[in-house]
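Colleague: Position 53, counted from 1, in the sequence shown is what the UniProt record's numbering calls 53; the numbers after and before it change by one each time, with no gaps.
For the record, the hints were derived by calculation from the structure and aren't laboratory data.
Accuracy of the hints is not assured; some may be wrong.
So the derived label-pair ranges between C-beta atoms look like this [said to hold, decoys possible]:
no.: 1; residue 1: Pro66; residue 2: Pro46; range: 37 to 43 Å
no.: 2; residue 1: Phe63; residue 2: Asn9; range: 49 to 55 Å
no.: 3; residue 1: Gln10; residue 2: Pro45; range: 56 to 62 Å
no.: 4; residue 1: Pro46; residue 2: Arg14; range: 53 to 59 Å
no.: 5; residue 1: Arg11; residue 2: Arg32; range: 18 to 24 Å
no.: 6; residue 1: Met43; residue 2: Arg14; range: 45 to 51 Å
no.: 7; residue 1: Met43; residue 2: Gly65; range: 45 to 51 Å
no.: 8; residue 1: Arg6; residue 2: Leu62; range: 18 to 24 Å
no.: 9; residue 1: Pro48; residue 2: Arg11; range: 32 to 38 Å
no.: 10; residue 1: Pro66; residue 2: Ala19; range: 33 to 39 Å
Here a beta-carbon is modelled for each residue, glycine too, at the ideal position from N, C-alpha and C.
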Amino acid sequence: METTAREFNQRSARILAAAEHGETVAATKNGRHIATLVPADQMEPPPPFPTDPMGDDDDLPLFDGPPDLSARTDALPAERFGR
Numbered sequence: 001m002e003t004t005a006r007e008f009n010q011r012s013a014r015i016l017a018a019a020e021h022g023e024t025v026a027a028t029k030n031g032r033h034i035a036t037l038v039p040a041d042q043m044e045p046p047p048p049f050p051t052d053p054m055g056d057d058d059d060l061p062l063f064d065g066p067p068d069l070s071a072r073t074d075a076l077p078a079e080r081f082g083r
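Work out the full structure: start from the sequences and follow the hints.
Modeller: Quick look at the structure:
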């Protein structure tokens, strides 16, 4: 079945019922195919994706602890601004 975006908007309940009964629906807008409505039992499973957003643990930076903040650094900016 093929439908326009306007017709899909106006008759969505009827189009969803057709998909529920196993029909695949192609939607077009200005004559250009923009979407395909596929019955849920005919869908392909989604492709696998990495669960770790950072990648492998081998690629992570190593931190040896908090930085040493004991040295006074407030004099350096004052020197650069002429104080």
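Colleague: Now tell me, hint by hint, if it's right for this structure.
Modeller: Each hint, compared with the structure:
The hinted window of 37 to 43 Å between Pro66 and Pro46 holds, with their beta carbons roughly 41 Å apart. For Phe63 and Asn9, the Cβ-Cβ distance of about 54 Å falls inside the hinted range of 49 to 55 Å, so the restraint holds. A C-beta distance of roughly 32 Å is found between Gln10 and Pro45, which places it outside the suggested range of 56 to 62 Å. For Pro46 and Arg14, the Cβ-Cβ distance of about 28 Å falls outside the hinted range of 53 to 59 Å, so the restraint is violated.
Range check, Arg11 to Arg32: Cβ separation about 20 Å, and the 18 to 24 Å hint holds. A C-beta distance of roughly 21 Å is found between Met43 and Arg14, which places it outside the suggested range of 45 to 51 Å. Hint check: Met43 to Gly65, Cβ distance near 50 Å, so the stated range 45 to 51 Å holds. Under the hint 18 to 24 Å, the C-beta atoms of Arg6 and Leu62, about 58 Å apart, miss the expected range.
Evaluation of the 32 to 38 Å hint for Pro48 and Arg11 yields a pass: the beta carbon distance comes to about 36 Å. At roughly 57 Å, the beta-carbon separation of Pro66 and Ala19 lies outside the given 33 to 39 Å, and the hint is violated.
Comparing the model with each earlier hint shows violations of hints 3, 4, 6, 8 and 10; every other hint is respected.
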